[in-house]
Structure formats: structure tokens, C-alpha cells
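Listed below, chain by chain, are the residues.
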Amino acid sequence: MFIKPWLARALFKKNRMLKGRSLNFKIIVLISIPIITVGLLFGTIRLLKHNPPVAKIEEGRKIIAKAIEAEADVYSPKELKLAEKYWKQAMDEWKLNNSKTAVFRKFKKTTALADLAIENAKIAKIKAQQTKSKLRIEVEKRIKELKETLKYIEFATSKLPLNHSIRKKLTPISIILHEAEMAYTRKNLITAMEKVESISKKVVDLNQITTEVLHDYFKDFNQWVNLNEEMKNWSKTNNSVSLVVDKFSRKCIVYKAGRKHKEFDVELSVNWLGDKVQSGDRATPEGKYRVTKKKSGGKTTYHKSLEIDFPNAEDKLRFEQEKIKGIIPRNSRIGGSIAIHGGGGRGIDWTEGCVALENNDMDKLFSLCSVGSPVAIVGSLVSLDKIFEEFKKE
Amino acid sequence: MKKIVFYISALVLMVVLATGCAKLPQVELDAAKASLESAKLVDANRYFPTEFNVLQDSLNAVTVALETEKSKTFFSRSYDVITEKLVKISADAEVLKSNVEERKAQVRAEVQESLVALTSLIDADKALLLKAPKGKEGKAALEAIQTDITVIEASVNEINTLISNGDYITAQDKVNASKTKAEAIKAELETAIAKVRKR
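Here the protein sequences line up with chains W and E, keeping their order.
According to the numbering used here, the first sequence is numbered sequentially starting from 1.
According to the numbering used here, the second sequence is numbered sequentially starting from 1.
Okay, chain W solo, but in the shape it has when bound:
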């Protein structure tokens, strides 16, 4: 069969076109296969894989941060540590799963641990806020109470000769209390509370001692008031001068014709608190006496002096009774040579048992008194209640 050349050319051209189309198709198919395969593969993985509990883990982290902000590390450390432990475990579980092929990852445990972290962090936060609030109130209250008690003890020690036994203990306590206050100011409530706790018992003990001493001292208050009235009345009846030494106020009151004529500051013995018991106890006696001698010039060491009749009959009787009771040793002596004299104005209690006035005051008192003038030495003319009313006002 003969094919015309033009037909042969046309057929050849068509065949080439068909071959070209087939090649393009093959190329497209061959490129599409790996792309589709990869797509299908990732699609399958995406469908089959489990998603990590990112939101829960993030929530756990945020609540832990909030708990730390609320100082849970200080006020609820146990709960916070537990929350942090669960959160870390959740993270570790997540990391472990991330090291596996996507389709084999499971986050059930991670979710459970994240939930536990959230729960414990919430507890830690709330507990920290509550503990901190309670502690702040408690520390503030305790510091205030301790400050008031120390102020009371300091007030009492300033009025009473309690220096030797109480002051020694008072100073370290007041330093620690100050430290507690500063820790409180810095909002370091734990340290503040520790410091408060370390001194509380000591303050209670000191307060008890001080209160006991004061109450014991003031047990004869009514008697002192009566003695004062007696002196006032005596001066009125006899139109003369009588003296009352108020040990607590450190005043010497001069009554003349039933009225307070003068008042002088006095200094007493170191252990002026309480009545004189025996010789050498460096206490100023309490009771009703009379001026027995007036000395001046070279006859006295302290400018001028008014000697009194200590020990009087009452003192001697009490002294003997205390010896019998065994309160004081049998070989002890009652003592004597008690006077109201000059040489005062030293700013402290310093005598062996006498009452000391500044020399100028002593001159005035000396001229007012005569031998036989009655002298009452009393513990206080102001009641303990009134003294502490004054303290509370301060």
C-alpha cells in the first residue's frame, strides 16, 4: 500500500504529539505519587495522633506562678512543692511522649499529672494567702502586746530598784523585739514570728516577777495613807511641822498646821523597795518615827542631818519575830543611824538606808524641823492603780 507523503507526514506529527502527551501525563503522575503519598501519610498521622494537654500544662504553670507570687514558697511550701512536682512530672511525661512516633504518643498520664499540679497549686495559693494574712495579724498583735508589756516592765523598773534582777534580762529581749519589728516591716513574717516566739516566755516571766514585786510592795498601801493622814492631823493639832517621806514618788512632804507646806525631791537607798529588815540590807525603813538629833557642820558627813529613832519599838518587835520565824539569821543585827540628810542631787538612789536631799533643800528642811518632829516614811501615797493609769496615759 502506498501512503502519500503528505499523509505520512501528518501521521508522524500526530504520533509525536500523542507520545509527547503521554510523557507529560507520566511526569505528572510520577510527581504526584510521592506528594500524595507524603500528604496521605501526614494526614493519617494527623488523624491518628493524640494532642498534648498544652492548655492544662500552661494553666498549671500560671497557677504555680501565682502561688509563688502569693509567697506559697514561704507560707505553704509543702503544697507548692507537691504542685511543682506534679507539673514537672507532667512535663517529663510529655517529653517522653515527644520522643515517640506521633501515632504512638499518649497524653492521658500527662493530663492527669497536669490536673494534679493545677489542684495543688490552687490549694498552695489559697493556703499561702490565708496563712500570710493570719500570721500578719498574729505577729502584729504579739509585737504590740510584747511592746506594751516591755514598756510596763521598763516603767516599773524606772520606778522600782529592780535593775539588778530584771534589767539584765530586759536588754537582750528588747533588742530581739526590735529585730522582730524590723522583720515584720520587711514583711518577713516567719522571721518576725520566730523572734517573737523566742522572747515571749521570757517576757511573761519578767512581767510576772515585776507584777508580783509591785503588788507585794503595795500591800500596805492603806496603812501608808492612814499614816499620812495622821501626820497631817498631828501638824494641825499641834500647829507644828511633820514630815512624810513618799518612797515611791521620792518626795519629802512637809506638813505645817494641817497643810502641805513644802515638798522636796529625795534620793533613797539602792534597795529602797520594801521595808528595812536588817543591818546592811541597804533598805530605807518604813514606819512612824521622830527626829532625835539635828546635826550640822563637822558633826555630819552630809551637810546637815535629821536623825530619826530607827529602830523604834515596832521595828524591834518585828525584827525579833522575823528572827524567831527564821526569816532572817539569828545572828543578824537590826541596824540604825538612819537620817534625813544632805548630799543629795546625784540623780540616783545611793544611800545605805537614809533619805538624802539636795543641800539647799536640806537647809530649808533643817530650819523647819526640830527635835521631836514626827516623820512617817511610807511606800507610796499614790495607789498602784493610779500609777498605772498614768502609765497607760503615757
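Treat the hints as calculated values from the structure; they're not laboratory data.
Certain hints may be false.
Partial list, derived from the structure: chain E residues whose beta carbon lies under 8 Å from chain W [what the hints assert, rightly or not]:
1) D57
2) V64
3) A144
A virtual CB, placed ideally from N, CA and C, is assigned to each residue, including glycine.
Go by the hints and put chain E onto chain W.
Just chain E now, kept in the frame of chain W:
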């Protein structure tokens, strides 16, 4: 022809792998952790607790972000933002460390200054004690004040120990408390002396 197809497939795979396998910022992560740890070692959590806790939380947040990326399909992972954040944490931790050192030096200087003032106050108290009024038995009252001074002197030793241990905040509290007491003693003695002079 088959060769062409093979080359194209390989190229597609390489592109996918190259874009998908982003590098984990392990070096930056380790550096951030180490920076925070060293900040803690210099007491950053004590001197600047808020700043330290913020950094610690930032590191935790970045760790979460890191694992989130790791959970993604490999070609969609990106650590660029995380790396930036880790670098910032490291830098912030270093700044915090230097701030702590600065604050510490400041507190140490303050404590030492206060300690000098306290020592001078103790000396002043001792000098006043010699001038204080004494009677036959007045020494007993002064002995009590001497005891107070001894207590304050003992606190100076405690303060020095606290300074050498680097516990400047506690030392500051102690030095201030002792100073207040020493000042009170000074005032007490001055009043007693003035009282005598006045009379």
C-alpha cells in the same frame, strides 16, 4: 525520564526535610537554665524575689513552648521565637545577677556604716558611764547599765559573723536594734548626768 522523576522526588523530600527539621535550641536552653541557677546562687531569689520568680516562670513557659513545638509534625516546627526568648532570659538573668551584687554591696556598705556608728555609740556609752553619778552603792545601778553595754558589744560580734556569712539583711536588723538600745542608754546616762549638774 525515570531519572528526572527521581531527581524531582528527591528534591521535594530534601525541601520538606530542610524546612521541617528546625534545630532544637538546646545550647540556649542550657545557658538560660545555668544563668538562672547562678542567679539563685547569689541570692537573687532573696534580694529580688519578684524579678527572680518572673524569670523562672518565663523559663517554664519557654519549656512548655518548646515541648509544644516538639509535639508538632517535624516540618511545621519552628524554634526561632523560643530561641529568642531563651537568649533574653539568659541576658535578663545576668542583669539580675549584677543587680543583686550591686544591692548586696549597698546593704553591706550600709551595715558596715551602721556598725561603725554602733561602735562609736558603745564607746560614748562607756565614756558616759564613767561620768555617771555614783554613790556609796550607786555602782550597782551602773552595773546594770554596764551589763546592757556588754549585751550590745556581744551583738557586735554576732553582726560581724553575719556579715562574713553574707547575711547582710539579718545583720542590718541586728545592727539597727542594737543601735536603738545603745542610743537609749546614752540618753539615759545623759539625763542622769544632766540631772546632777542641774542640781
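Checked hints:
no.: 1; hint: D57; in the structure: 4 Å, holds
no.: 2; hint: V64; in the structure: 6 Å, holds
no.: 3; hint: A144; in the structure: 4 Å, holds
Of the numbered hints stated above, none is contradicted by the structure.
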